[in-house]
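Engineer: Protein chains in written order, with the UniProt record's numbering: chain A, 1 to 685; chain B, 1 to 685.
Calculated directly from the structure, the hints in this document are not laboratory data. Because the structure is a prediction, the values reported are computed rather than measured. Ideal Cβ positions, reconstructed from N, Cα and C, are used throughout, including at glycine. The reader is advised that the hints may include incorrect statements.
Okay, derived cross-link-like pairs now, DSS-like style, lysine-lysine, Cα gap no bigger than 27 Å in a straight line [stated by the list, open to error]: (1) A:Lys187 with A:Lys80; (2) A:Lys178 with B:Lys456; (3) B:Lys219 with A:Lys456.
Each pair of labels, with its calculated beta carbon distance range [said to hold, decoys possible]: (4) B:Lys222 with A:Gly352: 43 to 49 Å; (5) B:Ser17 with A:Thr478: 37 to 43 Å; (6) A:Ala371 with B:Pro102: 34 to 40 Å; (7) B:Gln491 with A:Glu175: 21 to 27 Å; (8) B:Ser17 with A:His366: 19 to 25 Å.
There are 2 protein chains.
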Amino acid sequence: MEVTRRNYKDSLNTVYSAIEEADFLAIDGEFSGISDGPNVSALTNGLDTPEERYTKLKKHSMDFLLFQFGLCTFKYDQTKSKYIIKPFNFYVFPKPFNRTSPDIKFICQSSSIDFLASQGFDFNKVFCNGIPYLNQEEEAQLREQTEERRNQHANGVGTPSYISPSSKGPAHVPEEHKDFINRVIEKVEALFTNSEKTLDLEPCTGFQRKLIYQTLNWKFPKGLHVETIETEKKERYIQVSKVDDEERKRREQQKLEREQEELNDAVGFSRVIHAISKSGKLVVGHNMLLDVMHTIHQFYCPLPEDLQDFKEVTMCVFPRLLDTKLMASTQPFKEMITNTSLAELEKQLKEGPFKSPQVETAEGFHSYDTAQEQLHEAGYDAYITGLCFVSMANYLGSFLTPPKAYISARSKLVEPFFNKLFLMRIIDIPYLNITGPDLQPKRDHVLYVTFPKEWKTSDLYQLFSAFGNIQVSWIDDTSAFVSLSQTDQVQIAMNTSRYAESYRIQTYAEYIQGKQQDKEKLGQTAKTWGDDGWVKSHYTSSTTSGSFGYPRGLRKRSISPVQGEQGTGEAPITDGWSHYSYPDSTGSKKMKTDDISGQANAEAVESKTSEGWLKTADSSDSAGLSPIPDEEEEEEESSEGTNPANDAEGTVTWQQATRKGQKNKKKKSKDSGSKTSLFEVPEVW
Amino acid sequence: MEVTRRNYKDSLNTVYSAIEEADFLAIDGEFSGISDGPNVSALTNGLDTPEERYTKLKKHSMDFLLFQFGLCTFKYDQTKSKYIIKPFNFYVFPKPFNRTSPDIKFICQSSSIDFLASQGFDFNKVFCNGIPYLNQEEEAQLREQTEERRNQHANGVGTPSYISPSSKGPAHVPEEHKDFINRVIEKVEALFTNSEKTLDLEPCTGFQRKLIYQTLNWKFPKGLHVETIETEKKERYIQVSKVDDEERKRREQQKLEREQEELNDAVGFSRVIHAISKSGKLVVGHNMLLDVMHTIHQFYCPLPEDLQDFKEVTMCVFPRLLDTKLMASTQPFKEMITNTSLAELEKQLKEGPFKSPQVETAEGFHSYDTAQEQLHEAGYDAYITGLCFVSMANYLGSFLTPPKAYISARSKLVEPFFNKLFLMRIIDIPYLNITGPDLQPKRDHVLYVTFPKEWKTSDLYQLFSAFGNIQVSWIDDTSAFVSLSQTDQVQIAMNTSRYAESYRIQTYAEYIQGKQQDKEKLGQTAKTWGDDGWVKSHYTSSTTSGSFGYPRGLRKRSISPVQGEQGTGEAPITDGWSHYSYPDSTGSKKMKTDDISGQANAEAVESKTSEGWLKTADSSDSAGLSPIPDEEEEEEESSEGTNPANDAEGTVTWQQATRKGQKNKKKKSKDSGSKTSLFEVPEVW
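Make the full structure from the sequences, and use the hints.
Structural biologist: Next comes the structure, spelled out in structure tokens:
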């Protein structure tokens, strides 16, 4: 279903009930650009820390506009043994709702716009009919303003709502307008003595109207209703009406109701995001970190400085996330799936050993044909993403005894994949762990090298030619990380470089220490983890109480908790999860369970880092980050759509490389610290 | 005529000949936004100096995109006694032409986008079919790259054009690709021994293709042509062909020609601007400063830091400009025209004493109906602007003895309006003088006041209540200019404020001195004028020689002079101006004549400043700059379209106010230093 400003209000209940009844939700966003940084390789160094990556994305990607939001709800129908889906395609645009509303500026990147254009994207729908939105602070401000006005009125200050509180004295009327204003006063005085109910003044300038409002408010604080009316020719004039107290109150009341309605309209699309958030349902996306960041940034609040704060906010807004790109890149899928771009993934999951899920489009919704449809309509991409999730989840059921063909979104089998968002092009950290600390792979085989800006990758290969296979990750024109294949070579490299003049080598540890010192000089101190290694997250109370919004600790500015317009104090989450039994029945405990399994996995990965993840990404990285410009030797056109940081090839090679050492996954899968499985295989398998 | 990427090449000759045959050109641009500054009042203080205004516009407006360019050519047909017009509406978009081309980012302002959307603007045409463009430096770089490649080839370096010069050694082939590359080498070796002419390799990744190119180039420097081919399914594979030397050269030549063609395509819309510039024709716009700035910025070069340099560049690109808003705001029109917004101006110029010009749309062009058409299509706005110019020019003919009904764009009567661009909302400097120094009105009745940020306009009125009528121009939250009605009150104000604690007063001279000192601290020294008070402009040589491009002095980077593709060394300008006799027949002398009259006028204005211009803008300014927010007391919706800095009202009041003291314009018009006329009335009147 296509939703624009035109049918938004009428569609809202359809959207709400689709979310409420769903087993899980799939989402996707389309943006006006990806990166306003100098280039993608600087934005995505293969040895970024999660903090660095978050900071870069926040700095270089958040000024773009999320202007199409795809939502596809999946509800499993037991009797039909198939999913009933409801796809929505929302067009979103920050149309200013009045003259005092924020006038949003956003960046467009011509390559992204051009890509979407080539896919038949309809920009007119966005810019002419996009649904407006407000973030929580803007909404709160607007509500406060309305409230304040209402209170003033109720307290009998006697100023009609259209007079700003600051204008209490007589208006200052410039000399050349005095005649004009005096004539208006005469007319209004005449109105009081004659039998007319209203007086239409002649059209005049905005400044003159302002003077009229101020003057009449001061001269006739009671008994008048003053309103600006626009003619068909867009001329504006003032209508003055004699009103008794009751009539005036009625008009004021009408005005307030109209304002309330306008306020809801202004909050606009954010209400859909609020409903998704409130539902607590599993939200599935493909390579979804930017989608999540943009959604929070645009519809909730500017992103926090700190990665840890971002994780907390994310858990409040989306208590359960699953990234199909990460899932496809993880055991048991990573060996079977050669290309994790959405389009390729979808194709591969149609073939054995996977099965295309049985789905049926709900009545009244556009039915997508996966054999025909173009990608990069957000609603379609969300749909495909959901299909991929279902295929992979069901495949996990084949390991059960007896095997199960249908695995629900609430199954314990998919839990290991919760709240881990794929990190593009980081060699040894596959995901951002939203509910816990991130992996900290050893990087003691990595050197930080600075050199003259004329140097190319080949110069680095030559410099380290004695050390066998190396891997270069460019940072900028004059620095790069060089990963050696063996850690014990690091000291040799350091020693031989001691007297070098043109270049300089530091260990990774020294580099990090230097950065840390720079940071401390800037007065920023690094966050520390709690004793137990877990974030003191506030999501527990927010999920269980059923309200959404930020935990108190995050409310740096006063954001009033927004009441959902459906008026339910109870969150649908209880309903969504209640008929599945967990070791502990509360949502918060379940999350904790996830976290613990995540930690075990983290250790497993950490121990294998330098041999496993690291080597494997070699070719993708040198292809992507090579500074040699060459027109014809292009990377594949990114099938990730607007995203120039193509990761498809990286994954291919990585898969190929890892295959070597781990042919017999199943046999090894119970070894603890196994090199082949990222996640511990649950006992049920 | 609507021109997009689809019909651009076919339309180019039509555009060129329309420009060549025209008497004058009218232009208009539509932008993705106006100001990314905090707010318009901060951007347009009523007492800005021209330098300040230029700096603000450059800083806060140039990141928007000029995405629709309107051009309407006007050619007078003597036999029909009417203008034949050719309107063009160009859609412009910086589509990246290949992977190494600049990926332009631009800002969109939601209010501007929303305004254009409400006018039925077609964003899809811009983003899907906009004509690309390059500025001069980008074009030069691209030409150099092509040239360099060609030379390398000619010098027998022997590297095919698709191999970058940096890759001379054997390619570094990562371990996991060695098998793959070795198999490719075997196949190619087999190709040399068998009878096949070409070999299609299997589709592979971009990185693998890069390795293949590098390897084959190194192993088989001669006898092979290697090319990437894309299948219908967008898969890319490499085709290797055996070629003899001749065949290889032929293919290389084809490739170079294709590149040349692609380069011209990439320069795209800039060629239209080059043609306008080369023609030397009078270019008419309405409130055209931003149009001129954007056009230069987007299609020539980033705007210079310094206003003086900007003026020089402008004269190179547009040697003759005329701003209809400035014309309408100047004697003899300012008293007759109550609203100088384009739409209103057009309406007023249809009524007596003005006459609607007789125009005919050339065959094959869209015929606009001024009674029907919506504004804010750039082509239509350009058309209307041209009409306004013709009406006003013809009106000037009524002062001749005998009166003339038709006044050409080359008439001396319109010269006083040349190269003076309207300055929005500056109280005492009506225009930016492109060909000379700007007016320097005395501001010795102006105070610079700083105060706590709680202060409102009313506080300032109260503070200065003893001084009669004052005028407040807000600078920011905590400072404003206050203009007193009498200069001798300045000292009194200064004395009484000496012991004030909450606020601080400086004279305007002190304020300017302080700013100057700050600037000098930053190492920027103010430009000085030449002894004779005139800019040493370089436009003389560039106009008379008929080439365009920047004067040598401005070429800070190496920009090669672009040769027009029409191949004429002679500029059309000679033709366009030759059958009109001037006191001096060269363009440069004529300009000088303008300048002198401009200087005389400047003095006239200067002497009357505090009584004339200043007072008159009072109401507009306090309306526009008042910091009191009030939803209902709005200014008029700007009829200047996307421009939130509505100036219409200001002009109205100014006109009203000046009318007081100058009822009998014609009688007084011969007094020197007259208070009623901005420009000296030429002797011919």
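Engineer: Next, verify each hint and record whether it holds.
Structural biologist: Hint-by-hint comparison with the structure:
1. A:Lys187 with A:Lys80: violated (75 Å)
2. A:Lys178 with B:Lys456: Holds, because 22 Å separates the two Cα atoms, which is no more than 27 Å.
3. B:Lys219 with A:Lys456: holds (22 Å)
4. B:Lys222 with A:Gly352: 43 to 49 Å: With Cβ atoms ~48 Å apart, the hint holds.
5. B:Ser17 with A:Thr478: 37 to 43 Å: violated (52 Å)
6. A:Ala371 with B:Pro102: 34 to 40 Å: holds (38 Å)
7. B:Gln491 with A:Glu175: 21 to 27 Å: holds (24 Å)
8. B:Ser17 with A:His366: 19 to 25 Å: violated (49 Å)
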